Amino acid sequence: MSIKEQIKSILQEAEIYRVQGLLNEAMIKYKIAAELVEKNVKQESRQSLIDGITKKIELLKGTILKYNDPEKTPEMPVEIQNLIKDKFAFSADKESAVLEGAIALSKFGQYERAITEFSELLKNDSLRLVAAKNILRCYFANSSVDGALSKYEQWLKSGLFHEGQIEKIRFFLENLLKDKGIERELPIADVPEEKTVFEKATIEKPVSGKGLMTDIPQQEEAEEDEFLDVNSVGIEITDGPQKGKEIVLDVAFQSGKSVSLIIPGREKTLIETFKVGLKLDNVQFYSPIAILNGSGVISAFTKIASGPKMGSFSLDLKISA
Amino acid sequence: MAIFNLKNREIECKVVYYGPGRSGKTTNLEYIFKTFKKQVTDQLVSIDTEGDRTLFFDFLPMGLGKIGGCDIRVQLYTVPGQVQYSSTRKLVLKGADGIVFVADSFAIRRDKNILSLKDLDQNLKECGLNIFKIPLVLQFNKRDMSSMSDGSIPIMSVETMQNDLNRQLKVPCFPASALTGEGVGRTLKESLKLTLLHLQKELKWAQK
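Protein chains in written order, with our numbering: chain H, -9 to 311; chain L, -6 to 201.
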């Protein structure tokens, strides 16, 4: 094959890749063709050929750049959002399915619609906290820090959350702000500690929905294997300078209502507080779909003497209520 | 995971078209939509960007009628092939009952096919599924490109693709051209057959 034929064939190949949308592959071929022209074509026709190829390369560069750095995910038509909400919710339980649908919308970048769906879930006592956190996440993902702050202030005034919940939201929002490099003290709750407006309204109407209740089921008949998978446990420090702060520990192992936690040796305040038989009253159990409030009793507490976790402590917590 | 409505004797299952970007997953669904009109129950939903790249997924619902005393409904999905949409692929893959892996026959895409198959393996694991157990069919797409380009485009041989992608899996594979429709129907039929057989083992839905 002559050089002329070679160049022609490579340019043909590049063009097919470009039409097929294989832009990087097209770019490689155009560059090879340009090199061949540079080295082998006589001066009189060289420049016009190089100019033609360079033009194609520049156009390709622009397109590749556009694809590699896509603008914000476009807001989809309502029908498509409905499809996402419907098809990406897998739970048989209605409440879990609604939550999953809203989460799917946010994962597909449909933040405004996701916020609308999560806002509906705020009416549901058992999902209120998780919905609120997801709303804040959506604002941040949609580059609207101001929106998140304004929503928080609105919630503060609304009486929708009780003090414990709004504190958790504040802590959550402060962490989101920190991740963005924003240090900001948020206003503190000024709401009654006992019941929220919705709790008062629905006090006679217990919320159904397995695995989504904010309180651990009290029924004796609740089977151990029916208990939700717990990923991590938040324990509130009740004494010392860190009083009131929540420490979150990952669950190393779970068997029904018993979870094993690893406490790093550096958490001296916690370690000094714990002993077998101690009842912890304000414990948060974090599962993939909900945050549960409850209490537990320490059933074992030992220092790990060997292996990679040597020096840390292993704590077994029996979830009691 | 398929939804089996025991009362109405209905099964709804999900087949996902997976593969590297620009391998022809959406083109497969477009051809199915045009050709299998009797079975297609609604519009093809395709969400693409300016450059025809699938942004989220494509969705095509089909009804296969009664098989073994059950009304079978199938939902076909495609995933976005571009590397940056990994989390979307994972989301679309969730609950899949069958997979069609669409590989690109262009020699220049050899590595991308292999990487995408590895990505499928990884994502299935994260969904609690096993690539060796899930009903899987391979499609070697763009077989027509060699003749269309007068041989100027290097196309891998079927043997090379089998060796790259199917050496261990040993699943059915079909040469195809999604553009002309060659092999598209056979791929789909085999995938549905394997998926329904698998579901019969799991759910024992078919009446003898």
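In short, the hints are calculated from the structure, not lab data.
Since the model is a prediction, treat every value here as computed from it, not as a measurement.
Honestly, I wouldn't trust all of these hints.
To be verified - EDC-like, lysine to aspartate or glutamate: derived pairs with alpha carbons at most 20 Å apart: (1) K83(L) <-> E175(H); (2) K0(L) <-> E102(H); (3) K77(H) <-> D157(L); (4) K87(L) <-> E90(H); (5) K83(L) <-> E257(H); (6) K77(H) <-> D137(L); (7) K299(H) <-> D271(H); (8) K97(H) <-> E5(L); (9) K113(H) <-> E102(H); (10) K126(L) <-> E195(L); (11) K158(H) <-> E175(H); (12) K84(H) <-> E5(L); (13) K77(H) <-> E183(L).
Hints and how they fare:
For the given pair, K83(L) sits about 37 Å from E175(H) by alpha-carbon distance, which is inconsistent with the 20 Å threshold. For the proposed pair K0(L) and E102(H), the alpha carbon gap of about 38 Å is over 20 Å, so the pair is violated. Distance check on the hinted pair: K77(H) and D157(L) sit about 34 Å apart at the alpha-carbon level, beyond 20 Å; violated. Note on K87(L) and E90(H): the hinted pairing holds, with a Cα-Cα distance of about 12 Å set against a maximum of 20 Å.
As the CA atoms of K83(L) and E257(H) are separated by approximately 37 Å, the hinted pair breaks the 20 Å bound. Pair hint K77(H) plus D137(L) does not hold up; C-alpha atoms about 35 Å apart against a cutoff of 20 Å. Pair hint K299(H) plus D271(H) does not hold up; C-alpha atoms about 27 Å apart against a cutoff of 20 Å. For a cut-off of 20 Å, the pair hint linking K97(H) to E5(L) is broken: about 24 Å separates their Cα positions.
Among the hinted pairs, K113(H) with E102(H) is consistent with the structure: their alpha-carbon atoms are about 18 Å apart, no more than 20 Å. For a cut-off of 20 Å, the pair hint linking K126(L) to E195(L) stands: about 12 Å separates their Cα positions. For the suggested pair K158(H) and E175(H), the alpha carbons sit about 14 Å apart, so the restraint of at most 20 Å is met. A threshold of 20 Å between alpha carbons decides the hint, and for K84(H) with E5(L) the separation of about 18 Å falls inside it, so the pair holds.
For the hint pairing K77(H) with E183(L), the CA-to-CA distance comes to about 24 Å; that exceeds 20 Å, so the pair is violated.
Consistency note: the structure conflicts with the earlier hints numbered 1, 2, 3, 5, 6, 7, 8, 13.
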